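Chemist: Each chain is listed here by its residues.
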Amino acid sequence: MILFGIPQTARIVLLFQTEVDTVSQATGASCPPVGASIPNGEAWRWVFAPMSERCFSPVAVRNPPRLSRAKDALEQCSCWGLSMHTSANASIAAFKAVEAIFPRARKTLGTHVAVGQLDGTIGIATPPDQHGHFDLHPYKSAPFLAAFQTAGVIP
Amino acid sequence: MMQAAVAMIPLNGRKVDARSVPTYTWNADLIYFDGPMLSLYKQDDGQDVLFAWLDCDDRKNRWSVFPIKRDELRAYLLGEISLRSICLAAHSLLVFDTGVDCKRRNWILLNRFPEEYLPAQSSFLKPEIATASAKRLVSDTPADLVLGLNGELYLEDLEGIPKLYQQLYSFHYGMEHMDRPAVKHTVQKTMESWRGGIGAVNLFSGLRAVTPSIHRARLKELRYNSPGVIRLNLLPLMAEKIQTAMDAIIVDNAFNAIEILYKRIYDYFRDHKITGFDDEKSSVQLDLNDVQKKDLRYFVDEYFKHLGWALYRERFSAVGMTEISQLRMLLAYYRRLRNLRKFVVAGKLKLDGEFPEDSGI
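Chains as they are written, first to last, in our numbering: chain A, 584 to 738; chain B, -19 to 341.
No lab work stands behind these hints, which were simulated from the structure alone. Don't take each hint at face value.
[As the list claims (entries may be wrong)] Only pairs whose alpha carbons sit at most 35 Å apart, straight line, appear in this in silico DSBU-like list of lysine-lysine:
hint, chain 1, residue 1, chain 2, residue 2
1, B, Lys322, A, Lys723
2, B, Lys243, A, Lys654
3, A, Lys679, B, Lys169
4, B, Lys243, A, Lys723
5, B, Lys274, A, Lys723
6, B, Lys322, A, Lys654
7, B, Lys273, A, Lys654
8, A, Lys723, B, Lys83
9, B, Lys40, B, Lys(-5)
10, B, Lys169, A, Lys654
11, B, Lys115, A, Lys723
12, A, Lys723, B, Lys169
13, B, Lys322, B, Lys169
14, B, Lys273, B, Lys330
15, A, Lys654, B, Lys83
16, B, Lys106, A, Lys654
17, A, Lys679, B, Lys40
18, A, Lys679, B, Lys(-5)
19, B, Lys(-5), A, Lys654
20, B, Lys106, A, Lys679
21, A, Lys679, B, Lys322
22, A, Lys679, B, Lys83
23, A, Lys679, A, Lys723
Remember, predicted model here, so these are calculated numbers, not experimental data.
Using the sequences and the accompanying hints, generate a full structural model.
Modeler: Pasting the structure below:
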């Protein structure tokens, strides 16, 4: 089992720990990546309405998974993470830029934005990039539906 | 797909037998949110293509595959042109579906991009959605380099020089871009299945397959009237690395020293029944004892010292490469460098510019 940035006593099993460990072994790189740690703060995610647990399923286990290579689930750590942003503005700006390229984006990514407060019960997050995007690798018992509320339709 | 199923639009195109579809090698994901949406692949003929997600229903995802030229790719990655313009200019468009198992099925050839899927006028690759890999691809800027040719050359020389140079270029490309997952996977896979000469060839061809056109050495001019030139547009850092390696072995004393080391390693491999040279086809011996591992580590260190590659030592180790894998890569590289050196020593090749006009035969 590979976890990072967490005291030994606080270690909790990731939702897809076995799969994540397989990726680590196959690639020789840590999954979740080195630098990932317990998040603390607001997170915004694209979801559907009504929001359900499926809105928080990593792409590798969705049915059907949006992967163009079967190997992705074995080699790509991010397939087991959830895309999120640190602010509503960052989340909506990214969605608009994606939708300009993929007219059907709302069919796969979501129609609404939801906001949640991340803490040590949810999972492990990569550091946000300069545009506020990060991947969250959820814990097995992550209470997403309690932590996130739909904030509105993506304009 | 997580919403209630919304049907995908029907496509009016020609069905394509999957067996006639080219092989595609993944190079990088350019847009990635909860999975890839736009990815760069290389076709088996060397052509760059984009895989773009189009649509989905409750059973499958639909993707498009279309070619992208070198200049278009660079301009798109720099945010200078839209994906719409590339889609409209594409001379072919393949569409396929993926289901639960992610296998590519239902290939269809279309004459033009369906209006419903055409990106907007504003479909530029904005920084907030470009992956780190996409940004990395344009962080290196190609430049022109001239290889000087001179003396009595034969057809096999004209084949050998570019091939050797390209292989050395691919090696350095791999070393310098090990942070790109596609490059790292290629190196790791080749090392895991190394079988003598096959492994060496797979390494160089594998690295070439994950080098996008904007990073490949592109021929701009080929002129020979003794002297002559091969003018290339390539990443200058790779050319510098080749030059540095050549400088390290060009003088006879230095060359003799590294040749002695090479022979020592070869003898050691033979004495300890360790395989994996170009002229061997047998499987790899992996059960090395501690003394052997220590000896191999010494050889690796010596080789790195001769070639001045302290940084590569770290990168080799970072991808979990064993000493024997490192040695195999180094020796495969060295054999090609040594062959290229013959042309330089014979006054037939200059790695840093043209020969003077009056030096011809």
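Chemist: Now look at each hint and say whether the structure bears it out.
Modeler: We went through each hint and held it up to the structure:
With a C-alpha separation of about 61 Å, the suggested pair B/Lys322 and A/Lys723 falls outside the 35 Å cut-off, and the hint is violated. Only pairs whose Cα atoms come within 35 Å are accepted, and B/Lys243 paired with A/Lys654 is rejected, the gap being roughly 40 Å. Using a Cα cut-off of 35 Å, the hinted pair A/Lys679 and B/Lys169 is violated, with the two alpha carbons roughly 38 Å apart. Restraint check for B/Lys243 and A/Lys723: not satisfied, since their Cα atoms lie roughly 56 Å apart, outside the 35 Å limit.
At roughly 43 Å between alpha-carbon atoms, B/Lys274 and A/Lys723 are farther apart than 35 Å, so this suggested pair is violated. For the proposed pair B/Lys322 and A/Lys654, the alpha carbon gap of about 42 Å is over 35 Å, so the pair is violated. A threshold of 35 Å between alpha carbons decides the hint, and for B/Lys273 with A/Lys654 the separation of about 32 Å falls inside it, so the pair holds. Taking the CA atoms of A/Lys723 and B/Lys83, the gap is near 28 Å; set against the 35 Å cutoff, the hint holds.
Distance hint between B/Lys40 and B/Lys(-5) is fulfilled; the C-alpha atoms sit about 17 Å from each other, no more than 35 Å. About 13 Å separates the Cα atoms of B/Lys169 and A/Lys654, which keeps this hinted pair within 35 Å; it holds. Proximity of B/Lys115 to A/Lys723 is assessed by CA-CA distance (about 33 Å); at most 35 Å being required, the pair is judged to hold. Restraint check for A/Lys723 and B/Lys169: the C-alpha separation of about 32 Å stays at or below 35 Å, so the hint holds.
The hinted pair formed by B/Lys322 and B/Lys169 meets the criterion: a straight-line CA distance of about 31 Å does not exceed 35 Å. Between the alpha carbons of B/Lys273 and B/Lys330 the distance comes to roughly 38 Å, so the proposed pair goes past 35 Å and is violated. Between A/Lys654 and B/Lys83 the CA atoms are separated by roughly 10 Å; this keeps the pair inside 35 Å, and the hint holds. Distance hint between B/Lys106 and A/Lys654 is fulfilled; the C-alpha atoms sit about 27 Å from each other, no more than 35 Å.
Under the criterion of a C-alpha separation no larger than 35 Å, the hint pairing A/Lys679 with B/Lys40 is consistent with the structure, at around 24 Å. Restraint check: the Cα-Cα separation between A/Lys679 and B/Lys(-5) comes to about 33 Å, which is no more than 35 Å; the hinted pair holds. Between B/Lys(-5) and A/Lys654 the CA atoms are separated by roughly 25 Å; this keeps the pair inside 35 Å, and the hint holds. The straight-line distance between the Cα atoms of B/Lys106 and A/Lys679 is roughly 10 Å, inside the 35 Å bound, and the hint therefore holds.
Our distance criterion of 35 Å between C-alpha atoms is broken by A/Lys679 and B/Lys322, whose separation comes to about 57 Å. With a CA separation close to 30 Å, the supplied pair A/Lys679 and B/Lys83 stays within the 35 Å bound. Simply put, A/Lys679 and A/Lys723 have alpha-carbon atoms about 31 Å apart, close enough for the 35 Å limit, and the pair holds.
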